[in-house]
Every structure is written in structure tokens, then in C-alpha cells.
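Listed in order, the protein sequences are those of chains A and B. Everything in the first sequence is counted per the working numbering, starting at 1 for the first residue and increasing by one. Everything in the second sequence is counted per the working numbering, starting at 1001 for the first residue and increasing by one.
Think of the hints as simulated: they come from the structure by calculation, not from any bench. Computed from a prediction, not measured in an experiment: that's the story for all the values here. Possibly wrong hints are sitting among the right ones.
Claimed, not checked - What the simulated footprint calls covered on chain B by chain A, stretch by stretch (three residues with Cβ under 8 Å from a Cβ of chain A suffice, anywhere in the stretch; the number is not a length):
hint, stretch
1, 1045–1056
2, 1115–1121
Said to hold, decoys possible - Non-contacting residues of chain A with respect to chain B, defined by C-beta distances greater than 10 Å in every case (computed):
hint, residue
3, Leu6
4, Asp13
5, Val22
6, Pro25
7, Asp27
8, Trp28
9, Asp33
10, Val35
11, Gly36
12, Asp38
13, Leu39
14, Asp41
15, Lys44
16, Ala66
17, Ala72
Think of the CB as a built atom: it goes at the ideal place given N, C-alpha and C, for glycine as much as any other residue.
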Amino acid sequence: MAVTILFLGPLRDLAGGASRDVAAPLDWSGLLDNVGEDLADVLKGERIHVALSGKVLIDKAALYAADGDEVALLPPVSGG
Amino acid sequence: MRDIRLVAEPFDPNAEIDALAMATPDAGGIASFVGKVRCGEGVEALELSHYEPLTLPGMEALAASAEARFALDGLVVIHRVGAMEPGENIVLVSAAARHRRDAIEAVDFCMDHLKSAAWFWKRENRAGEWHWIEPRAEDHSDLARWADKSH
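Here chain B stands alone, though its shape is the one from the complex (with noise of 0.2 Å):
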């Protein structure tokens, strides 16, 4: 079971997480992640673009690798674009798998792809201006973990 989605509205992660578990009666154990917008930074907003053509197909191919990587019996990962407040989630993944170091895994696995990786742009709104949020080294260096690793 795999369901890939962006979503330009809020979405209730506890749902789709029972979703996820009632399509996966197999599975020995669900691990999640739900990322959402910092409070407190003075970030007033947070707007993430994309480029269709390239930004879902690119989830799929994450998941893709991450079941052949992982034994995995469900993914899912939905992601937020356009505006959000602080508080407001921006991102889900959550792996099914019949031992608990598979979804762990998988769950971080996708995180890191995601984070440096991904067609996602974002700005933040601090004060009244937008700002670019530029690459960040450590997204790098999170993916290279995956790098030289057989499994």
C-alpha cells in the first residue's frame, strides 16, 4: 500500500496514520513523522512552491526506492504546499512494516530525501518580508548517510 499525495490544504496526520493501519493488518508496527512550521522564530509564515511536473513524480520515486530498500506493507507520504502558520504541519511519513527497525528506517530515509533533495522552494515571512530559505549544509550531510549503505 502506497499513497504519495501534496495537499494545499490541512490534513489530520492521526487519520491518515489510521488509514495507514487499517489497510496494513500485517504489519508488526507503524513509525511516523509529522513536520510542522517552527513557532516562536518570528516566523509569521511559511509558503512552500513546487513544480508539479517534477515535485510528485519525485515523491514517487522516494517511495519506490524506499520499499525496495525497506520491507515495508504500506508508505504513505502527504505533503503540504502553498501557505501555512506557525504550528500548521507540513509533512507525513509514516512506514507500516512487520519489524519496527524497517518503518524507523524507511521513515528516515524518506525525511532526509525529502529535506535535500525534493522540488520544494521555501520562503519565510519574518516582519512582514519574505525571505528565501537557502539549502542548508546539514540536508546534505543527512543524505550522505544513506549513501554507503547496503541497506
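Isolated chain A (complex conformation) (with noise of 0.2 Å):
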């Protein structure tokens, strides 16, 4: 019974590893409190958008993942 946290870019530096899977279900605040208060205060920036199995949420803080689901982390982009 899992979700699986995706961290794009700069913050799987950040994460110390590109995924990670963790206890369903998930919530934004469940997901603050995995991981970690440094990484945390990152992601409660404006710039860091999410994206809950490949639709980009409107307000992150809405966010709630069941079993199987998949939440990307995702910085502003760096352009292609």
C-alpha cells in the first residue's frame, strides 16, 4: 500500500534520490512531514508545483494520493 513521491530536477539533490515510496494515503501534509523540515520549506514555495499521477494540482495543499498513485515534485523548469 504505497505512493510514490517523484523529485524532478534540482530537488532529487535536494531528496538524496529520485523517488521514494511511502505509506498510503498521502496528503500534503503527510507528505511535508516525510520529507524532512529543510526539503519541506522548498516545496511550500510558489515555484514548486504538483503534479498527482501526471495532472498538475491547482493547490498542492489540496493534495490527496491513494494506493498506487504517483505525486511529482516538480521546480520551475529550466526550459528546453
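Relying on the hints, combine the two individually framed chains into one complex.
This is the structure:
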């Protein structure tokens, strides 16, 4: 019973890995608790977007991920 | 005709432009832009990462908005992902149209949006160390060029 969190771009270095599995269900405060204080502070910033199973959330605080879902943490893009 | 792709291996822009020309016999012209990894700034390698569920659909949506905005016969957008060396091609945007301005502006429009709004993250290897590339302010001002144009 797990949710996969993906750390895209530079977030991968801050998280110490590209992904991790955490227990389902997972909401935004649960995710922030899981990643540790330093990374949580970064993720709270308005430049970080969140996608749930391939769809970007309008309000990341409304995240609710169930078993099998993928949560992607998206830092600002550096473009093509 | 629309061909939007992410590729993990080197590609041949000329072959892709030829294929576009073959597929659009009624076009009056083709405009193309090929982006390459710059040489000579101490960059030994460039790595582009993406997020499959968002990146390709985002490029498809960009192609659709270019087609809605300009009168195009065909549009090709090919983007490399993964590790590249200086001199390698990163991106091709090629547009075929009845009239040149549609083709040229469609390429410019797609490149500005790819640079600032597409889901890619870049890092460069300089002197053996990887450095993430931050978004550039110019990329956002480039994007703003299109916001106040009705066409």
C-alpha cells in the first residue's frame, strides 16, 4: 500500500534520491512531514508545482494520493 | 501533419525537415530552428531530464496552440532528453506553411514556449561537476511577447 513520490530536477539532489515510496493515503501535510524540514520549506514555495498521477494540481495543499498514485514534485523548469 | 517527439538518441534534423517537406507538398515554404549544445564555455556535457506524463502532452498542447494561431500545413517538434555532448542537437522545430510569416512565427512561438514553459530540467557538467540551470528571466520576457498579440 504505497504512494510513489518523484523528485524532479534539482529536487532530486535535495531529497537524496529520485523517488521514494511512502504509505498511502498521503496528503500535503503528510508529504511535508515525510521529506524533512529543509525540503518541506522548499516545497512550500510558490515556485514548486505538484502533479498527481500526471495532472498538475491547481492547489497543492489539496493533495490527496491513494494507493498506487504517483506524486511528482516539480521545481521551476529550465526550459528546452 | 503534426510530428511531436521526445528522443533519447541523436537525430538528423535534415532528414526530419525532408520528411516534413515530403508530407506537405502544398506548402510555400518551411522555416526551421535547430538548437544545439553550445561549445566552448567549459561545458563537458548537458543532461535534460523530463517527466513523461507531463512533458510530451505539454509539447502536444503547444503544437495545437501553434496550429490554432498560425496557418500551418505541418509542424515538427523533436526534443532530445538524456545526456548530450557539446555540438549535439537538442531541439528541432520546423513549420511548413503556405506563407512564410506563418512558418517563421510558428517556429519562434514554439521555441519561446519550449524554453520557458516546457517540463524540462537541465544540468551542465563543468570541470567534472554537475550544475542545475536556473530559469532565465529572458525566457519569461520572451514568452510575454506572445501574450498581448491577438495573432
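How the hints compare with the structure:
1. 1045–1056: holds (count 5)
2. 1115–1121: holds (count 7)
3. Leu6: violated (7 Å)
4. Asp13: With a cut-off of 10 Å, aspartate 13 (chain A) comes too close to chain B, as the shortest Cβ separation is near 8 Å.
5. Val22: Given that every Cβ of chain B is farther than 10 Å from that of valine 22 (chain A), nearest at about 19 Å, it holds.
6. Pro25: holds (20 Å)
7. Asp27: Its Cβ never comes within 10 Å of chain B, the nearest being 21 Å, so this holds.
8. Trp28: holds (19 Å)
9. Asp33: The assertion about aspartate 33 (chain A) holds, with a minimum of 24 Å to chain B.
10. Val35: About 18 Å separates valine 35 (chain A) from the closest Cβ of chain B, which puts it past 10 Å; holds.
11. Gly36: holds (20 Å)
12. Asp38: holds (17 Å)
13. Leu39: holds (15 Å)
14. Asp41: Holds, since 18 Å exceeds 10 Å.
15. Lys44: holds (19 Å)
16. Ala66: holds (17 Å)
17. Ala72: violated (6 Å)
The structure is inconsistent with the numbered hints 3, 4 and 17, although it conforms to all the rest.
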